[in-house]
Amino acid sequence: MAITGSRGIVWIASYPKSGNTWFRAFLTNLLRGGTKPASINELAAPFASDREKIDSGSGLETSRLTPDEMDTLRPDVYRTMAARSPERIYLKVHDAFRQLPGGQYLLPPDASAAVVYIIRNPLDVAVSMAHFMNVAFEQGVDIINDSQSCGARQRYSLSSQVQQQLLSWSDHVRSWVDQHEIPVRTFRYEDLLCCPSKGFGEAASFLGLQESPEEVEQAVIHSRFDELKKQEGFAGFKESIPCAQGFFRQGKTGQWRDALSRDQVRRVVEAHGQVMRRFGYLNSRGEPGDEVWPGTRTFL
Amino acid sequence: MISRTRYSAFGLIIESEIPCPDFAASEGKPDVTVCRGTVPATLGREAEKGARYEVSEDAFLLTVDGIGRYLVDGSEKIVVEASVGVSDSDLFAFLTGSPLAALLIRKGMLVLHAAVIERDGRAIALAGPSGSGKSHLAATLIRQGFRLLSDELCALQVAPGGAAMAAPGFPALHVWRSTLAELGVEGLSLRKVRAGMEFFSLPAESRFAEKNTPLAAVLLLRSPWYPLPAGVVGSPARKLEALLQVTYRLSFLGSSARRREHLQACASVARVCEFENISDDPSAGAVVRAWERRTEWP
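Here the protein sequences line up with chains A and B, keeping their order.
For the first sequence, counting from 1, position 81 maps to 81 in this note's numbering; every step adds exactly one.
For the second sequence, counting from 1, position 114 maps to 114 in this note's numbering; every step adds exactly one.
No lab work stands behind these hints, which were simulated from the structure alone.
Don't take each hint at face value.
Said to hold, decoys possible - What follows is a set of in silico ranges between Cβ atoms, one per label pair, in the way DEER data are often shown:
| id | chain 1 | residue 1 | chain 2 | residue 2 | range |
| --- | --- | --- | --- | --- | --- |
| 1 | B | SER283 | A | THR66 | 37 to 47 Å |
| 2 | B | GLY74 | A | SER205 | 46 to 56 Å |
| 3 | A | ASP68 | B | SER189 | 26 to 36 Å |
The model shown is predicted, which means the values in this text are computed figures rather than measured ones.
Virtual Cβ for every residue (Gly too), placed ideally from N, Cα, C.
Work out the full structure, taking the sequences as your base and the hints as a guide.
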């Protein structure tokens, strides 16, 4: 069922390297229309964790805040953003959906309209993470298995993003798809890749965007992976990080087969088997394999 | 008896009840007083409100959870109400950010989010948002012959149609441990900006430029939101747009008259200064290369 209302924050949520930016490219092209692809450096749904956004929204120099103090501040920044905006706001988020020690949510439901949650096979997430961070695949596995995983960890230097608690891949997925505070619709990266018009069309319908099937199709074409990669090669991508080996790498599924060792696959399946099975990433024998792609489907 | 010390910062004599360890000691008639006192929780219904700040025509209020409230009352007074048990060091850490910027704005200065370095009597603003590497770059460059004019805030006195003079801030840089490591500086002897954080005050007295200096160039360390090609920015409109983006919080201006004056000041700076987008390579080398082209600057 489509969400209603024209205000509040729509969170485009995912674990890192799960297709969030690709979704934002689709959303940008859909909202903007036009006959040419939108620039990847002008994407809709900016980072919720952007430090400058939080600094200007709060009036504080957040470089002086500890990560815990920052967490306490963030809900009010989002509330203020939502209250000030006459229209809906889209924000990209990698934080897990979590409550702070005082009980309030980091991402406040009272300022929220909906969540689009994008999930990707953790075996491929580990590979993509390793490429992005320019580390060994073993470390990619370490990151998604770590229950304390953080993005933009603030310890010895300052990042343009504030620290984000990702948790492990399974904990992240559960935190979003099992919460009942904000309407959520989950899309598998693999389904979007397999049948983009259907998957993205369903996402547009969920968000109550009234564009025609032709407009959805055009936005899908303008956000194709080869287009994003071409733009990055030509003009760079400002959201990438210096150590990354290109942000848009291959945009395929099943990369883990060639990249991960048998032991690394075992570690991921041991840590995340339950959630992987729930979302079709393990077959009936508990193994990752070709037969696990059941075709396009979404998880409510 | 209340102890007050006089300091010099951003061209002002500041008499403060709160110790300001990074500021240079000074004498003379104070332009500004910083005192402890009771600060209201709100400036009232008419004030423009953010998540932790309020702005009215005459005042600016900042609330820092667990630290205290800062009231900039007109252009000559900052009142600080500390939370229970807060250290002077923590009070000072937040004083040098938004409250000081709001005060400088009320003094009629154009305040940019930039570190400023000086060489041969010309000032260069390294502008960008928090986390873009301003202090790191300034710390690197003062090892290469430049001098520090200010860190974090660039306070400009802009004459109508004339030069923009950058005020000397205070002789220290606030840098993270990773910067100290790159500079080969041992952090043990340095004061931490806040206890428990790997964020230090790096003294720069010997490399501090103490005089107002004409601003010659603004180098943009982070690509603005609108498309701006790398390299020299020629268009006055683009320069103006960039200045509005690196303004230290347009929302702190607080009145339409101040917004008008701000726009005029930005237009003046756009006329008299060189602008370059170095976001593709925000390095010391890029700043030095820009400096070597100074004969082409306006």
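Consistency of the hints with the structure:
In this structure the supplied range 37 to 47 Å is violated for SER283 of chain B paired with THR66 of chain A, their Cβ-Cβ distance being about 29 Å. Separation of GLY74 of chain B from SER205 of chain A is about 55 Å and conforms to the stated range, judged on CB atoms against 46 to 56 Å. With their beta carbons about 28 Å apart, ASP68 of chain A and SER189 of chain B fall inside the hinted range of 26 to 36 Å.
Hint 1 alone, counting from the list given before, is not met by this structure.
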